Amino acid sequence: MLLALQQATEPPFFSITAPDDVLGAWLICFFTLAVFSFLYKDNPFYKVAEHVFVGVGTAFYTLQYYEEGVIGRLYEHMEQAGRALGEGGSGVMDLGGTPVPAAWAIGLRSVAVLLSLMLLVRLFRSGSWAPRWAVATMVGIYAAIKMTGETQSKLVLQVEGLMRKPLVNPELASWGSDWAAVEQTQVFYTFANLVLLVGVLCALLHFVFTFRRGKVLAGASRVGVVVLMLTFGAMFGFTVLGRYALLIDRIDTLGDYTGGAYSLAPPPAAGSAGALQLMLSPPVLLAVLIALVLAVAAASRKRSA
Amino acid sequence: MKREIPILLTVLCGLAITWAFFSPLPAARAVNAELLAWAEVIFSVAFLLGIANLVRISLKQISARHPDSIYKVLLLLTMFGYLAVGLCDIHGWLLPEGAGAKDRSDWIYEKFFQPLQSTMFSLLAFYIASAAFRAFRARSFEATLLLVAGSLVMLGQVPMPTWLPESAAVGTFLQRVQAFLMVYVNGAGQSAIIIGAALGTLATGLRIILGVERSYLSE
Amino acid sequence: MATATDFDRRWIFLAIGVLVLGLYAFGSGAPMPVSPYVQSYFDTIDALPEGSVVLLAADFDPGSAAELLPTYQATIHHLLLRKLRIVNVATWPAGPPFTRSSFAEIAPQYGAVYGSDWIELGFKAGDDVAMGQIGQSLLSSFAQDDRDKADVTSFPIMQGISDSFQGIALLITMSAGYPGVLEWIAQAGGRYDVPILAATTAVQTPDLFAYYPSQLQGFAGAATGATQYLQLVVAAGVPALEGTTTDNQERMLIQTYAHLLIIGLIVTGNVLYFLGRRGA
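Chains as they are written, first to last, in our numbering: chain A, 1 to 305; chain B, 1 to 219; chain C, 1 to 280.
Quick caveat, the hints were computed from the structure, so don't treat them as lab data.
Quick caveat: nothing in here was measured; it's all calculated off a predicted structure.
Pairs of lysine-lysine, DSSO-like flavour, derived with a Cα cap of 27 Å: (1) 47(A) to 302(A); (2) 83(C) to 149(C); (3) 47(A) to 60(B); (4) 149(C) to 102(B); (5) 302(A) to 41(A).
Over 10 Å on every C-beta distance to chain C, these chain B residues come out as not near it, computed from the model: (6) 60; (7) 73; (8) 141; (9) 173; (10) 177; (11) 199; (12) 210.
Beta carbons are placed, not taken as given, at the ideal position from N, Cα and C, and that holds for glycine.
Next comes chain A alone, as it looks inside the complex (with noise of 0.2 Å):
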């Protein structure tokens, strides 16, 4: 295998530095054929899958908290500190561009890795009340956050941004024959943002609760409901749009490696189609091997059954 693929003259074997290379190749086929195996059922090959994405995934989420969170935000911070306190230093730490005493910075945040370590007692102590407080501190720094920022843009500003909704546009034609046209006219531009304002309006009022529902209350319900049964039907549609095009991006990628550079074949002759070099290129022969290892379970289970 290895004097075959040596043949080929690009990509390398295997690069950690070269954007692509033979091995790599293998395993990013194998690892998406194994996924799809599921479609068919639960299969080893998928299990392997499965667990191998479990363990990378958890190590490479922890090394990215581990390097922001631990290295840059305790331990850069703590030498920086050393640094000003030092002889030469300043004294001073930037602490969110206002100047603090550097013992100032390393004592508030020892306070964090204090709670840090309180929230770690969960480990060997179920129940214990020590990681409550660094858990009552994040939700209140949390809270906080998003209270504040989501009331700005997203009751005030929307609401703001509503009322200044302009019910007539002076650089628009008022009439159109032509259909296409007819988006640009001061009409359609005016039942429109209407309608925006009035679906806005009666789909509040439809989680009105507070109130005994009468006839004008109801209607408005009504109308709410159908404004909201449209958007999650929009949601839906971009839905399917947005998982159809992650399917068609991994059947790209497998059609990427089909190529002659990371077949076990050697390259065609001059003149000729390079069939084996397609059959035994990453995609295709591992679909094929996958595809028997799962047929030949199936029947021999068929016949002990």
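Dock chains B and C against the given chain A, drawing on the hints supplied.
This is chains B and C only, laid out in the frame that chain A set:
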């Protein structure tokens, strides 16, 4: 005191961040920056809890000779292997000649994690098709509206095949209908949902910051 | 009467697989008309003066790279073509590898110099908290850059940037979910009045119509927006993206048939359901 101190911490941190939002004072900015840094540190360390839990559950299954124990061994091997490589990259240990600082862990990320995660998500395309056939029923007027809107948006977002008679005109018509639906009708629904959710966030946030909401403390 | 629920769903999976594989092998593509919000995304970048600093956030992972990576790379091309300077951050841990690989490929094509034309600050943990910190003080949020681990203030690109997004002309986010564009709007756009552009996955795109154009200056949503934006960037003078644009146009036509199949399945399933009810 086991409950009072955590509630006090929540109230103090929440009020400090809220004060910093409104106050132009340098002290407010410093308090805000430090509290945000605390949240970042605790958030990052909490991840260690997750990995420890995963190791504990996997080891339990391996020692109990669970049918999937061989896969758990593979999980632990890949996890610790990647952790070792990643730590070497972060601290610059055993760096090969001519390689960049993150080349080793980037290779594992691109050849293992990327194809696995992308393919896992792409499976949903098949399940959506299956659900479309087996579960999406126009049982009521509202459900019919949902399906019709979804179909119009699906057709309006993509080009029409050229074998269709008057494909350009059909495509333009569907795009216009889809655009009206998205900008004005969907825009109305989304605005209502956003405003409603913001009111809920405001109410819940106030309850937490004022110490009224305490459900996060229960085990 | 056979009902839809009796039908083995693996036949549907097979039909989807055959359709997508067949169209991939034999399909073709065509240019798409550009939506106003995608045009606005393009025009906002185009309107920036040369040398302006743009904060580019890679808030996505491999699960959403199919929809966002083309727009991300096209945006980098567009920014470097217009001689704009790029500060790269990420609030998703999986973002920085995409930044590294994209700039390794694209920056040499424009002779861009690390530290002057672009910088990689890396991932920041904390979701909304991270965005709040970046907004309050970018220089305090990242003490070192992600590539050289050098003091961030030593790089020429960071001169002129100060607290509260001062010195940053535009924020662009490639948003795959939470945290993403909605959190950037809350933590940055609302507080510091910085213009925001977004590229999003299809699932998140419907949310953005409520923010455009008051809080969001433009967006390229889903694969459709990505294809439209690629067309605009190629027309602006980036021949390197012609292959990617053609690929995306071909993918959009595969989407057409996939959507027609989905609609056909919905209709067939409902017909069988109502016929079954009538027969019962």
